[in-house]
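Colleague: Listed here are the chains, written in short residue letters.
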Amino acid sequence: MLNLDFEQQMNETEKIKRARQIAIIAGVFTAFVGVLLLLNYLQIKKSDPLNSLVLEKLVERLSSEPNNQHFVEEIRQVDLLMRKAYFTSLWQVRTGAYLMLFGAIVLVLSLRVYYSLRFAIDQPSADQIKEKKKRQLTQRWIGFSGALVIILAIMSAFFTMNHLKNYEPKKMLVHSKSDDESIEKVEIVSIRTTEKETDTVIITESTDVEVKQPEVAITQQPKVVVFNEETVKKNHNAFRGSWGNAVSSSTNLPTSWDGATGKNILWKTELPIHGYNSPVIWNEKLFLSSANTSKRVVYCYDRNSGKLLWEREVNNIQGSPATQPKTTEDTGLAAPTLTVDGEKAFAIFGNGDIIAFDLNGNRVWAINLGVPDNHYGHSSSLLTWEKKLFIQYDTHKGSKVMALSTETGKTIWETVRTNEVSWASPILAKIDGKFQLIMLANPNLSGYDITTGKQLWSVDCMSGEVGPSPVYGGGLVYATNEYARMVAVNPKTGEKVWEDNYYLPEVSSPAYHNGYIYIATTFAVVACFEATTGKLLWEFEAKNSFYSSPMIAEGKVWVFDTGGKAYIFESGGESKLISSPELGEKVFSTPVFADGRVYIRGIKHLFCIGVN
Amino acid sequence: MVRLYKKHIPLKNHNNIFLGLIFLLMTVPTQIAHSQQQRFPKPEFQTEYQIPETERPNPRAPFMEYLDLFLLLAVLSLTTWLVLKKRSRKWILWVSVFSLLYFGFYRNGCICSVGSLQNLTLSLFNEGYSVSFTVLAFFVVPLLFALAVGRVFCASACPLGIIQDLVIVKPIKLSPWLQKSLGLFPFIYLGLAVLYAATGTDFIICRFDPFVGIFRMGAEFHMIVLGISFLLIGMFVARPYCRFVCPYGALLKICSLNSKYHLSITPKDCINCKLCKDSCPFDAIDFPTDEKENRASRKDFWKFVFYAALIPVLMFVGGWAVSGSYKLLSSAHPDVYLANLLVSQPELMQNTENLDIETFMSSGKTLEILVEEAKIIQEKFRFGGWFLGAFIGLVIALHLLNQVIFRKRSIYEANRGDCFSCGRCMDYCPVGKPEHPFFKDKPEMVVKS
Ligand code: SF4
Ligand code: SF4
Numbered sequence: 000m001l002n003l004d005f006e007q008q009m010n011e012t013e014k015i016k017r018a019r020q021i022a023i024i025a026g027v028f029t030a031f032v033g034v035l036l037l038l039n040y041l042q043i044k045k046s047d048p049l050n051s052l053v054l055e056k057l058v059e060r061l062s063s064e065p066n067n068q069h070f071v072e073e074i075r076q077v078d079l080l081m082r083k084a085y086f087t088s089l090w091q092v093r094t095g096a097y098l099m100l101f102g103a104i105v106l107v108l109s110l111r112v113y114y115s116l117r118f119a120i121d122q123p124s125a126d127q128i129k130e131k132k133k134r135q136l137t138q139r140w141i142g143f144s145g146a147l148v149i150i151l152a153i154m155s156a157f158f159t160m161n162h163l164k165n166y167e168p169k170k171m172l173v174h175s176k177s178d179d180e181s182i183e184k185v186e187i188v189s190i191r192t193t194e195k196e197t198d199t200v201i202i203t204e205s206t207d208v209e210v211k212q213p214e215v216a217i218t219q220q221p222k223v224v225v226f227n228e229e230t231v232k233k234n235h236n237a238f239r240g241s242w243g244n245a246v247s248s249s250t251n252l253p254t255s256w257d258g259a260t261g262k263n264i265l266w267k268t269e270l271p272i273h274g275y276n277s278p279v280i281w282n283e284k285l286f287l288s289s290a291n292t293s294k295r296v297v298y299c300y301d302r303n304s305g306k307l308l309w310e311r312e313v314n315n316i317q318g319s320p321a322t323q324p325k326t327t328e329d330t331g332l333a334a335p336t337l338t339v340d341g342e343k344a345f346a347i348f349g350n351g352d353i354i355a356f357d358l359n360g361n362r363v364w365a366i367n368l369g370v371p372d373n374h375y376g377h378s379s380s381l382l383t384w385e386k387k388l389f390i391q392y393d394t395h396k397g398s399k400v401m402a403l404s405t406e407t408g409k410t411i412w413e414t415v416r417t418n419e420v421s422w423a424s425p426i427l428a429k430i431d432g433k434f435q436l437i438m439l440a441n442p443n444l445s446g447y448d449i450t451t452g453k454q455l456w457s458v459d460c461m462s463g464e465v466g467p468s469p470v471y472g473g474g475l476v477y478a479t480n481e482y483a484r485m486v487a488v489n490p491k492t493g494e495k496v497w498e499d500n501y502y503l504p505e506v507s508s509p510a511y512h513n514g515y516i517y518i519a520t521t522f523a524v525v526a527c528f529e530a531t532t533g534k535l536l537w538e539f540e541a542k543n544s545f546y547s548s549p550m551i552a553e554g555k556v557w558v559f560d561t562g563g564k565a566y567i568f569e570s571g572g573e574s575k576l577i578s579s580p581e582l583g584e585k586v587f588s589t590p591v592f593a594d595g596r597v598y599i600r601g602i603k604h605l606f607c608i609g610v611n
Numbered sequence: 000m001v002r003l004y005k006k007h008i009p010l011k012n013h014n015n016i017f018l019g020l021i022f023l024l025m026t027v028p029t030q031i032a033h034s035q036q037q038r039f040p041k042p043e044f045q046t047e048y049q050i051p052e053t054e055r056p057n058p059r060a061p062f063m064e065y066l067d068l069f070l071l072l073a074v075l076s077l078t079t080w081l082v083l084k085k086r087s088r089k090w091i092l093w094v095s096v097f098s099l100l101y102f103g104f105y106r107n108g109c110i111c112s113v114g115s116l117q118n119l120t121l122s123l124f125n126e127g128y129s130v131s132f133t134v135l136a137f138f139v140v141p142l143l144f145a146l147a148v149g150r151v152f153c154a155s156a157c158p159l160g161i162i163q164d165l166v167i168v169k170p171i172k173l174s175p176w177l178q179k180s181l182g183l184f185p186f187i188y189l190g191l192a193v194l195y196a197a198t199g200t201d202f203i204i205c206r207f208d209p210f211v212g213i214f215r216m217g218a219e220f221h222m223i224v225l226g227i228s229f230l231l232i233g234m235f236v237a238r239p240y241c242r243f244v245c246p247y248g249a250l251l252k253i254c255s256l257n258s259k260y261h262l263s264i265t266p267k268d269c270i271n272c273k274l275c276k277d278s279c280p281f282d283a284i285d286f287p288t289d290e291k292e293n294r295a296s297r298k299d300f301w302k303f304v305f306y307a308a309l310i311p312v313l314m315f316v317g318g319w320a321v322s323g324s325y326k327l328l329s330s331a332h333p334d335v336y337l338a339n340l341l342v343s344q345p346e347l348m349q350n351t352e353n354l355d356i357e358t359f360m361s362s363g364k365t366l367e368i369l370v371e372e373a374k375i376i377q378e379k380f381r382f383g384g385w386f387l388g389a390f391i392g393l394v395i396a397l398h399l400l401n402q403v404i405f406r407k408r409s410i411y412e413a414n415r416g417d418c419f420s421c422g423r424c425m426d427y428c429p430v431g432k433p434e435h436p437f438f439k440d441k442p443e444m445v446v447k448s
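Residue numbers (numbering that gives the first Met the number 0), protein chains in the order written: chain Y, 0 to 611; chain G, 0 to 448.
Incorrect hints may appear among the rest.
Said to hold, decoys possible - In silico PhoX-like links for lysine-lysine, alpha-carbon gap of 25 Å or less:
1. Lys14/Y <-> Lys169/G
2. Lys164/Y <-> Lys169/G
3. Lys409/Y <-> Lys364/G
Unchecked claim - Which chain Y residues face chain G? A few, computed with CB under 8 Å, are given here:
4. Tyr114
5. Arg117
6. Gly142
7. Val363
Stated by the list, open to error - Pulled from the structure, derived: some chain G residues nowhere near chain Y, Cβ distances all over 10 Å:
8. Leu181
9. Phe202
10. Leu250
Honestly, the hints are just simulated from the structure, not real lab data. All values derive from a computational prediction rather than experimental measurement. Just so it is clear, CB atoms sit at the ideal spot from N, CA and C, and this is done for glycine as well.
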């Protein structure tokens, strides 16, 4: 009897041991399969043929050579391969899942056996708290939970945006076909009359009371928007003025002011968020953008009064990254300057967001181009012409130039570029009666057909991290970069006319006027060269270094140093400083001119300078 | 630009959502759900390959449907007998394993009583939608059984419950306050499920069924994670889904509370030996009440009056609050979601890569009509929100009220609402079991009691 009891006991302990061993093995097995499954899952995500980078690259290349059958074949092969790999992985996951299920069943069973074998009826536990106390506590917690539910519901009522409420069908007209047609008609409308109208508006408007007038005018006749060479010349609608060529047609500009005393400062307004881009102007409206890591904003000011007409946060863009890319302090996320096509203002940010607003601040379209891989931050500004928005998108992960439809944001063409990452902005230059898009990067300066995106010419002439944009004048394109060189290239022949490396700018771009080239360097020198030969004509030592680019207006060269001191020179072969007024605030952006006023974005304020 | 394939771009929610526990549970996953609707597109190559016609499986043969129903009835009847007469946990366990294999793994967790409540709701609110007899029966039969004998459905027929029951390894005790406050959620979930089904938005119970992915051996990654998490938690907190989530369980609970014949822990008379006290993994055993406390509780009378008066107040406040949250609630509806998206981001209308938007654009509907429709749906939510909120208010008030009602109890017995009729506790009762260890080791205690 005793013996039997003992044997039984042995069996029990043996069984418990077995159960524990099996449980451990099953547990390890299940965990192992689980980890494998997880890895496989990640693998699937990566090999997902729909998001394959390789395929995308190939497709991109195909778009530049659409008729290349070889490419098509290759893409098919790759696609097939990826799909096969994908489905094999799926099969593996499925098998793994069954294995894991099996392991889990064994684990649970053995655990159950283990615990039930060790099972013994415990001495019943003693009651810890009194029933009454328990109930009171319970009431309190039910009360809390109930209140929480109700409070959450109430909060959701306040914090949920209902876009449908503000929906007005009219606003969306921009997208309807009829509107597109009416825009087409615009070109036929007589330009003269409308221009006169805008002219009168500008003259009569100098007081606050009349500020609203242009808005009314615009809303009343939304279709009479003229965007042609004449109006672009009148408006400083892009970085470094019309077509980015550093020339303004404005006259009656003030040459003296003083930020400290307020002399000739017509107004100044504080900019809530910082940004390095320069303002742009269309008629009475001035646009600029700002960004920090939490938000990106586009502002529209009445340029006569300095009143903020609207500000729009740039968000809810499909594909926009949740966390912003890292940029350096001196570039930030709002380095690129906006552009305006008379109907819409376009802005691009360092996270690849690009957005279009109509001039009244209604969002028209927005896309994300993919986060640009750029160690300082993307800084290339926008240009628009012929209903296309041009974007120089030179990044570490490949470079390209593209034209988006200004109406819809859809890509019209996209051309892959072979250069390194760059920070320069494109310019438009009329060569042989046709506008070309000209861009500078390391190593090439090149011109593109704006209708097809085809590269027309390219010259390898630059090195380093290219910041300055090119300039066109007198039949030549000038390009320069610090620690590299300054070159003059004939865009028709692609031939280098001259090359020099005496003074070179780092950030600031060159300007051209009447056979002279002007540059402003980080080492605080303004220099003038003969445009046809590259001969240094004069140099001028300034107080601080230059980030802002020189502009030509009224036959003068205007440039701001980083300390906020402006230098105004007579344009010509001899150094003639007209004046050097102080703004009293640091300046990194480029001045903007319109109707006898100079607009400049300081580090904190936006200034309007004119004769008062 | 040449595009050879379409890219999957999941819709993103752009609402300024305040993520609270409840509202997280009810909306965020719904939005994830939108991405599930995207399909794996076929390649857009032009080849000679003929893409075959899509085949649609025939509906399940009626005979098979009746087989399901027959098996359900059989399982429930058998369990009733096992619970009330045979009193065998072991057999209940085996019946439940059969149900798990059949209703769970073989029938893939569908047909399901838990979800059937939504089909029923939709058919009541939408004339174009009707439910088959089997669906109706699957909804009603377990409730009828619950009314008669308690939650035998949970014990051995519901695959969701059984899979959790099988993984219980070492259950811990939860404090009553935690249980009771978490116990509010099934009712809220029930109300939400009804609202979403009635407005034709979604079947959220099915969408967030954590175990169906395991039964089908495949689901969205996050649902698998959810299912596994429930099972892992379930090893220590027994049947977490049943107790704190399952909306059908809430209905069963109400029915079972009023059940005519319910499982009793002891076969004859409770001898107050306390042996079964800790036997229930679900803390569903009520203890005998203390006479002293009983007397003291008379003071709770005014509290009772207060809570009773609170009922209409809470119902009104709840109704007002939830109806006010209609914007958030309705954003789970595909039309409202799309309308919101397109109004806030009009440029997306040009986005032919998003299948939802493309479908809408090719339907020829204008945005105006879409917005109008969306507004009508929002109105429905605002209206339905009053009922949902009032219901939630009522549930809260009744739960509070229940805490001040003091029932005299002299024995250990299963709480009719919370008991799943799993039969575990019956094994602990020494009454009528001379070979019980209790008698072996401590015979003197019997004398004492
Ligand atoms: S509570 Fe719900 S999930 Fe759990 S067993 Fe019952 S019906 Fe099934
Ligand atoms: S039968 Fe017993 S152990 Fe099972 S749930 Fe009911 S009270 Fe708990």
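Colleague: What hints, given by number in increasing order, does this structure fail?
Modeller: Of the numbered hints, 2, 5 and 8 do not hold.
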